[in-house]
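Full structure from sequences and hints, please.
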Amino acid sequence: MAPEQPQWAAAKVRQTFLDYFAQHGHTFVPSSSVVPLSDPTLLFTNAGMNQYKAIFQGTVDPSSDFAQLKRAANSQKCIRAGGKHNDLDDVGKDSYHHTFFEMLGNWSFGDYFKHEAIGFTWELLTKVYGVDPKRLYVTYFEGDAAGGLDADVEALELWKRVGVPEDHILPGNMKDNFWEMGEQGPCGPCSEVHYDLREPVGGEYRNAAELVNADDAEVIEIWNNVFMQYNREPDRSLRPLPNKHIDTGMGFERLVCLLQKKTSNYDTDVFTPLFARIQHVTGARPYGAKFGKDDPDGIDTAYRVVADHVRMMSFAIADGGVPNNVGRGYVVRRVLRRGARYARKYFETDIGGFFSQIVPTLVDQMGDMFPEIRKKQQDIIEMLDDEEKAFAKSLDRGEVIFEKYAQKAKAKGSNHLPGDDVWRLYDTYGFPVDLTKLMAEERGLSIDDTEVEAAQEKAREASKGDKKAAGLAVKLDVHDLGALDSMPNVPKTDDGAKYGRENITATVKAIYHNKRFLESTAELPRAARFGILLDRTNFYAEQGGQEADYGKLVVDGEADFTVDDVQVYAGYVLHTGYMGEGELSVGSKVIAEFDELRRSPIRSNHTGTHVLNYALRQVLGSEVDQKGSLVAPEKLRFDFSHKAGLSDAELEEVESVSTAYIKQDARVYAKEVSLATAREINGLRAVFGETYPDPVRVVSVGTPVEELMADPKNERWSKLSIEFCGGTHVLKTGEIKELVVLEESGIAKGIRRIIAVTGQEAYNVQRTAGDFSERLDALEKLPFGAQKENDAKRTQVDLNNLTISALTKSRFRDRMTKISKSILDEQKAAAKAEQKKVLDAVTSYFDDDSNKFLVHKVEYSSNVSKTISDVIKTVSGPKSAIKDRSVYLFAASPEERKVVHGCYLSEPFKAKGGDGPTWAAAVTPVVGGKAGGKPGAPTAIGQGTNADKVDQGVEEATKWIESLSL
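Counting in the working numbering, the sequence shown runs from 1 upward without gaps.
Any given hint might turn out to be false.
[Claimed, not checked] Across the chosen pairs, the derived CB separations fall in these ranges:
#	residue 1	residue 2	range
1	12	849	18 to 28 Å
2	680	771	27 to 37 Å
3	671	719	33 to 43 Å
4	297	849	34 to 44 Å
5	326	151	25 to 35 Å
6	396	925	19 to 29 Å
7	814	368	46 to 56 Å
8	743	5	15 to 25 Å
9	5	147	48 to 58 Å
[To be verified] Lysine to any residue pairs mimicking SDA-like chemistry, simulated, CA-CA at most 20 Å apart:
#	residue 1	residue 2
10	627	641
11	552	583
12	635	552
13	713	617
14	261	344
15	404	377
16	663	731
17	376	731
18	788	863
19	809	765
These aren't lab readings, by the way, just hints derived from the structure by calculation. What you are looking at is a predicted structure, and each value in this text was computed from that prediction instead of being measured. Quick reminder that beta carbons are idealized off the backbone N, C-alpha and C, glycines included.
Here it is in structure tokens:
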């Protein structure tokens with residue numbers, strides 16, 4: 001039976017706020033991303049005002065929508081899990097800290113000010129939401145003599161005017177009641193609203209004024225009104241702003257908590273659906289809302305941590321906060337690993353696909369308000385699964401190593417874990433330092449942050465040293481270049497042959513190793529990496545986004561040098577690598593032989609990049625500008641300016657335009673021309689801000705450069721791919737064969753990225769897609785059963801890891817969704833049939849009135865946990881026809897080493913002494929594991945690990961209830 005909806009359900013609370021301010025002329029502005037790609041000063045969006053910074057600072061684009069904004073309201077997604085604002089360590093330990101939360105806010109930009117803001121606040125809380133005004137307290141700025149700031153008497157009088165008693169209006173200092181955006185910028189006094197969660201006793205209200213801003217869990221701040229009326233100048237002085245603004249923020253979760261008359265945010269329907277899902281996934285006991293010492297098994301804390309963390313990770317990933325080892329990505333990874341360990345340690349559940357089972361419940365809760373998590377649901381699930389699986393591999397080993405370190409410390413009589421050990425756990429096993437701290441805390445061990453930082457710095461310096469030592473052997477610095485310029489026999493390298501396709505003969509002009517120019521490789525250690533300068537080369541040095549050529553410098557039958565990097569320094573092309581056979585000396589004649597197997601796909605991908613650039617402009621418009629590129633043998637990457645992600649239809653059109661150009665088999669022309677003249681060519685594309693040489697090389701696909709120069713303004717050129725480019729290209733576009741887009745994504749605000757393949761690699765991914773399509777055909781035809789379920793799981797995993805066309809992958813995912821839904825529907829039907837079968841068996845047993853209890857073992861299946869739980873609920877429910885009979889059901893799987901059991905003790909038996917948990921407690925010593933149920937409750941549900949002792953468990957359950965019947 002679904003739980004009764006509270007009068008103020010969370011969704012209703014949020015919508016009421018938005019509706020109220022809409023009625024008062026406020027524009028609804030959707031929440032900005034929690035990943036502020038356009039604001040490098042922020043790790044995550046941590047307050048509702050972040051997206052309005054430009055308005056407050058007066059730097060807003062006058063042509064933008066925000067420039068016309070006067071009043072706004074929204075619910076802003078916020079994350080505080082790193083950087084200056086970090087609540088991560090407190091999550092789970094108390095009733096109100098969260099890494100992810102919503103901030104309800106209303107703003108005025110030079111429109112209304114204190115009078116209206118305070119009026120809105122009081123009316124919404126007391127009249128609309130019906131909050132008891134006797135339990136509300138407000139603060140105002142008391143002034144700061146040192147800073148030359150007077151008390152905010154205006155706010156004080158306004159609060160009195162709306163009806164707040166004087167003993168509920170409290171002064172506050174600079175820390176609590178003066179808000180500043182940063183060291184400089186808009187700021188002003190603020191006025192907070194606090195609420196006393198404690199119910200009045202016998203109609204008598206306590207005065208909680210002394211508990212305001214005293215970090216008391218029962219007296220909480222719910223709303224803050226910031227009156228932005230000053231600007232903090234560089235010299236720290238304050239100047240009045242020309243326009244005064246209102247910036248407010250109300251904690252959504254806290255508001256829901258007080259409206260639902262709870263004492264903890266976690267007791268509201270913001271979290272209870274997640275708790276229910278976690279319980280279903282883990283089979284844990286129900287959430288008991290206990291804290292600290294009152295939660296000895298740590299399960300309630302784990303509920304709070306997991307629910308909070310899945311919210312934070314889902315919204316971060318949906319907005320582009322991909323788990324990795326840097327910045328905000330590392331924060332997401334830390335949160336995931338912290339939550340994963342809580343899940344495994346306290347819920348005793350496997351990880352590697354745990355969080356993803358909870359995500360759909362979150363999406364159901366919040367997907368209407370924040371559609372991005374519904375849109376990105378599969379990405380979130382895949383990313384969480386991938387991250388969990390990666391951590392699961394090292395978690396076991398890491399915990400063993402941690403245990404060794406802990407025992408080593410204890411053996412020395414120390415309660416301190418050395419910083420070197422803490423850092424090694426991160427460096428080798430991926431344990432974030434805060435996770436190791438948590439584990440140390442559980443073992444009564446302390447960690448010194450300065451020691452950890454010292455160990456980290458030591459590792460960083462060692463890494464730098466290695467790289468520096470390697471770099472000296474292969475990189476030319478300013479001193480080396482000065483020395484080369486003074487060497488008359490070492491000219492700048494002639495690299496004109498890099499555009500050709502033939503081997504050439506060249507002369508070794510210099511050998512460079514470890515800051516020295518040598519005459520012969522005989523002077524070098526055998527394994528040394530070093531550089532060679534030639535008089536001329538056909539190798540392409542890395543530049544313009546194109547990767548370097550690999551290959552060999554050979555003296556036939558005598559010596560060979562393997563080239564694995566090529567860089568250009570002020571006109572000197574340095575070929576870096578190592579000697580194979582023989583020796584080389586200055587003056588040696590070598591055959592320069594680049595690796596055609598590497599160069600060929602690079603050529604194809606480079607011309608493909610030009611074609612893609614052309615197609616994007618044709619489909620999206622001329623405002624598309626190149627922002628960067630990478631041309632490698634296995635793929636091309638192209639970054640470009642565009643406000644939104646490409647739809648499937650747009651992506652399909654881009655591929656279609658590209659393919660049509662390729663199929664023309666158009667010739668690719670290149671020629672160096674005057675930079676000034678070249679810039680006049682109609683439709684020519686160049687990278688904005690890039691400095692080009694004069695003369696510059698123009699690459700044209702389809703028309704000779706001479707023809708372009710003869711009539712540079714010709715409108716026909718806008719229908720061609722024409723670019724400044726120093727890279728290598730195919731002779732004709734037919735060599736590209738195909739261009740397939742593998743991925744299109746955003747990498748920053750207004751910047752998109754396409755990853756694509758051409759040539760043989762494009763054929764490979766098309767073939768892979770064809771094979772996978774046949775696999776989906778076969779899966780769709782399979783009858784429902786264990787094989788289809790298992791095949792579907794494997795197919796989904798393989799699809800997630802498939803490198804194929806983005807469009808094809810999207811279509812495959814649609815097909816997999818339908819397959820998964822059909823399997824889910826069948827599973828539900830099977831579960832329903834199984835439940836009916838068990839329930840029928842139970843009820844028919846009690847057709848005999850002499851049967852007062854039933855202890856019964858049922859068949860094990862993947863749905864049996866739910867079956868037993870649901871049957872027990874039905875038997876114990878108010879409409880049950882056998883409510884006065886007692887039932888204990890068991891199921892066991894030796895393969896999974898799992899026992900599922902649940903019981904209901906009817907009132908006649910309870911009257912003789914005992915309850916559901918007590919009955920289950922007689923069984924758990926035999927079958928292992930734990931059973932959950934509140935003391936005095938008639939029901940209990942448990943899971944055990946001793947599947948081979950389930951019959952013994954049945955005997956114990958029978959003995960126990962028979963003892964009550966005697």
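To see whether the hints hold, each was checked on the structure:
Residue 12 and residue 849 have their C-beta atoms about 48 Å apart, which leaves the hinted 18 to 28 Å range violated. Look at residue 680 against residue 771: about 50 Å separates their beta carbons, and that is not inside 27 to 37 Å. Range check, residue 671 to residue 719: Cβ separation about 20 Å, and the 33 to 43 Å hint is violated. In this structure the hint that residue 297 and residue 849 lie 34 to 44 Å apart at CB holds, the actual value being about 41 Å.
One distance hint, 25 to 35 Å for the beta-carbon pair residue 326 and residue 151, is violated here, with the actual separation near 46 Å. Taking the beta carbon of each, residue 396 and residue 925 are about 27 Å apart, inside 19 to 29 Å as hinted. One distance hint, 46 to 56 Å for the beta-carbon pair residue 814 and residue 368, is violated here, with the actual separation near 22 Å. For residue 743 and residue 5, the hinted distance range of 15 to 25 Å is not satisfied, since their beta carbons lie about 42 Å from each other.
Range check, residue 5 to residue 147: about 49 Å between beta-carbon atoms, so the 48 to 58 Å window is met. Between residue 627 and residue 641 the alpha-carbon distance is near 7 Å, which keeps this suggested pair within the 20 Å criterion. Proposed proximity of residue 552 and residue 583 is supported: the alpha carbons are some 14 Å apart, at most 20 Å. For the hint pairing residue 635 with residue 552, the CA-to-CA distance comes to about 23 Å; that exceeds 20 Å, so the pair is violated.
A C-alpha spacing of about 18 Å is found between residue 713 and residue 617, which places the hinted pair at or below 20 Å, so the restraint holds. A C-alpha spacing of about 33 Å is found between residue 261 and residue 344, which places the hinted pair above 20 Å, so the restraint is violated. Straight-line distance between C-alpha atoms of residue 404 and residue 377 comes to about 40 Å, which puts the hinted pair past the 20 Å bound. At most 20 Å may separate the alpha-carbon atoms for a hinted pair to count; residue 663 and residue 731 meet this at roughly 14 Å.
Restraint check: the Cα-Cα separation between residue 376 and residue 731 comes to about 41 Å, which exceeds 20 Å; the hinted pair is violated. With a CA separation close to 16 Å, the supplied pair residue 788 and residue 863 stays within the 20 Å bound. Annotation: proposed proximity of residue 809 to residue 765 holds, straight-line Cα distance about 11 Å (limit 20 Å).
Checked against the numbered hints listed earlier, the structure breaks hints 1, 2, 3, 5, 7, 8, 12, 14, 15 and 17; every other hint is satisfied.
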